[in-house]
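First to last, the sequence lines map onto chains A and B.
Numbering-wise, the first sequence is residues 1 to 342 according to our numbering.
Numbering-wise, the second sequence is residues 1 to 121 according to our numbering.
Please note: incorrect hints may appear among the correct ones.
Simulated pairs of lysine-lysine, DSS-like, Cα-Cα distance not exceeding 27 Å [as the list claims (entries may be wrong)]: (1) B:Lys45 - A:Lys266; (2) A:Lys322 - A:Lys94; (3) A:Lys296 - B:Lys18; (4) A:Lys254 - B:Lys45; (5) B:Lys75 - B:Lys45; (6) B:Lys45 - B:Lys18; (7) A:Lys52 - A:Lys148; (8) A:Lys231 - A:Lys148; (9) A:Lys323 - A:Lys6; (10) B:Lys104 - A:Lys52; (11) A:Lys155 - A:Lys200; (12) A:Lys231 - A:Lys207; (13) A:Lys313 - A:Lys94; (14) A:Lys337 - A:Lys70; (15) B:Lys104 - A:Lys298; (16) A:Lys298 - B:Lys45; (17) A:Lys77 - A:Lys31; (18) B:Lys45 - A:Lys52; (19) A:Lys31 - A:Lys108; (20) A:Lys52 - A:Lys323; (21) A:Lys322 - A:Lys40.
Pairwise CB distance ranges, derived in the manner of DEER restraints [unchecked claim]: (22) B:Thr20 - A:Ser217: 28 to 36 Å; (23) B:Thr20 - A:Val229: 26 to 34 Å; (24) A:Val229 - B:Gly111: 50 to 58 Å; (25) B:Ser28 - A:Ser226: 34 to 42 Å; (26) A:Gly133 - B:Glu74: 35 to 43 Å; (27) B:Pro49 - A:Pro58: 34 to 42 Å; (28) A:Asp188 - B:Asp107: 42 to 50 Å; (29) A:Pro175 - B:Asp107: 55 to 63 Å; (30) A:Lys200 - B:Gly111: 42 to 50 Å; (31) B:Pro49 - A:Lys52: 46 to 54 Å.
Since the hints were made in silico from the structure, they are not lab data.
Positions of the beta carbon are idealized from the N, C-alpha and C atoms, including for glycine.
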Amino acid sequence: MSEAIKTDVLIIGAGPCGLFAVFELGLLDMKAHLIDILDKPGGQCAELYPEKPIYDIPGLPMVTGDGLTKALLEQIKPFGPVFHYQEMVQTIEKVGDPLFRVTTDQNKVFEAKVVVIAAGGGSFQPKRPPIPGIEAYEEKSVHYAVRKMDIFRGKRLLIAGGGDSALDWTLNLAPVASELTLLHRRDDFRAAPDSVNKMKALVAAGKINLAIGQVTSLDGAEGQVSAAVVKRNDGSVFSIACDAILPFFGLTMKLGPVADWGLTLKGDLIEVETASFETNVPGIFAIGDINTYPGKLKLILCGFHEGALMAQKAHRYVYPDKKLTFQYTTSSTSLQKKLGVS
Amino acid sequence: MSVVRPAFPVSRTPFMAKITYIDFEGQSRSVDAENGSTVMENAIKNGIPGIEAECGGACACATCHVYIDEAWREKVGGPSPMEEDMLDFGFDVRPNSRLSCQIKVTDELDGLVVRTPERQA
Ligand SMILES: Cc1cc2nc3c(=O)[nH]c(=O)nc-3n(C[C@H](O)[C@H](O)[C@H](O)COP(=O)(O)OP(=O)(O)OC[C@H]3O[C@@H](n4cnc5c(N)ncnc54)[C@H](O)[C@@H]3O)c2cc1C
Ligand code: FES
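Same shape as in the complex, but just chain A:
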């Protein structure tokens, strides 16, 4: 096991609420690391609606999901948050009073005095196509993400989807695979036009195949696919021989490991008290969409408020001997120093 990364506060989830928590913690001298399963910050704002407008962020009459994410990153920059992307937090273990050991699916280990769960609707996970028996092939010859391109060297690949992930991996893996087929349900791609043009050039040059249709079943044995059965839009069926399949149908939010952390849940949400948004385990807080309490609204602005109150209580765990005095960013030179503006 690798050596533990030590931090005052570990934030699980880099959505808007996790990001703003860095600010509130930072003002009170607490350093934070953030972990997210995505490869970028912003949570739902970045993954589900980067270009759509939000109208109810106080003081911002209109901002897009992407715009809000960028603004938050700018706002928390003075506090030097450390991001760990493409890692899913798997376990939280209490090892001190309070001290938590947190491990990810990539075997990274963290030690933090305070854990803030800002996991939103849960971890973003790839959508699994409803193909009968697909589970048996997963991790072996059906992959929802590419971690090492080399495992596809010399193989016959089938990539399914029409978005940026499908097109990017088609372009990247074309030189690696012995044969590559891109399968999409229509001859129209929402991916970036530049990638679409590059893909079409590869098809025209005979380097890759393009097929139109949807996979209905898989042939193979013991986790190894040999072919995908594909239905065309007119209902006719054909088969594509392949050694590996990469389906890219976007992401969906699944609660994931949050359910196993020994916290009191109500449905898929973590119960918290409303003075500090602490869970039933002292030192573990939950803010944003993942928590619930009487009157809870799943709004970004509520998550911001929760982060501010959480930081007050977190301070007691990180600095048990220091007293907190309430200060405004407008008038406190000490806060302004931390923000780098004074």
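Starting from the known structure of chain A, arrange chain B with the ligands on it as the hints suggest.
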């Protein structure tokens, strides 16, 4: 409380259209839907299974995918380009596929029948 019936019809409540959802096992459920609401919203409000609507109707998740009954396809119409893009994230997408959060209830759609797929995500 006594009910006073008006001498002639007065419409106070917005027009209600009947929408029927048939799940993949064939069970059918009907609801009264207000004009202007979406087919997805009425499913969620009435606890109709088979529609998840993770994104709350922003055409950003494709978990409100339905098949429009053939008899209604023309009246309902086809998806917008944005919806067509999002349908790529649906499964077993057919020519009569729509995202139910993008279908607004109107007088015209009174009696609409939609089918929900076996799985949304
Ligand atoms: C289409 C749409 C429109 C919306 N419009 C508005 C609006 O106008 N106004 C408004 O206030 N709200 C709006 N919302 C809701 C708003 O986006 C959410 O309230 C907000 O994103 C919640 O922020 P969060 O930080 O709590 O969680 P999220 O944004 O959900 O982020 C949580 C992050 O945690 C990560 N995560 C979860 N579990 C783990 C784990 N185990 N390990 C690692 N990472 C993990 C996830 O991958 C995710 O990135 C909208 C939502 C949608 C979908
Ligand atoms: S509810 Fe998300 S696309 Fe319709």
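Structure-based check of all given hints:
no., hint, verdict
1, B:Lys45 - A:Lys266, "20 Å, holds"
2, A:Lys322 - A:Lys94, "23 Å, holds"
3, A:Lys296 - B:Lys18, "32 Å, violated"
4, A:Lys254 - B:Lys45, "22 Å, holds"
5, B:Lys75 - B:Lys45, "24 Å, holds"
6, B:Lys45 - B:Lys18, "14 Å, holds"
7, A:Lys52 - A:Lys148, "33 Å, violated"
8, A:Lys231 - A:Lys148, "30 Å, violated"
9, A:Lys323 - A:Lys6, "23 Å, holds"
10, B:Lys104 - A:Lys52, "20 Å, holds"
11, A:Lys155 - A:Lys200, "21 Å, holds"
12, A:Lys231 - A:Lys207, "23 Å, holds"
13, A:Lys313 - A:Lys94, "18 Å, holds"
14, A:Lys337 - A:Lys70, "22 Å, holds"
15, B:Lys104 - A:Lys298, "24 Å, holds"
16, A:Lys298 - B:Lys45, "17 Å, holds"
17, A:Lys77 - A:Lys31, "12 Å, holds"
18, B:Lys45 - A:Lys52, "24 Å, holds"
19, A:Lys31 - A:Lys108, "18 Å, holds"
20, A:Lys52 - A:Lys323, "43 Å, violated"
21, A:Lys322 - A:Lys40, "35 Å, violated"
22, B:Thr20 - A:Ser217: 28 to 36 Å, "30 Å, holds"
23, B:Thr20 - A:Val229: 26 to 34 Å, "32 Å, holds"
24, A:Val229 - B:Gly111: 50 to 58 Å, "37 Å, violated"
25, B:Ser28 - A:Ser226: 34 to 42 Å, "40 Å, holds"
26, A:Gly133 - B:Glu74: 35 to 43 Å, "37 Å, holds"
27, B:Pro49 - A:Pro58: 34 to 42 Å, "37 Å, holds"
28, A:Asp188 - B:Asp107: 42 to 50 Å, "33 Å, violated"
29, A:Pro175 - B:Asp107: 55 to 63 Å, "57 Å, holds"
30, A:Lys200 - B:Gly111: 42 to 50 Å, "44 Å, holds"
31, B:Pro49 - A:Lys52: 46 to 54 Å, "27 Å, violated"
The earlier numbered hints that this structure contradicts are 3, 7, 8, 20, 21, 24, 28 and 31.
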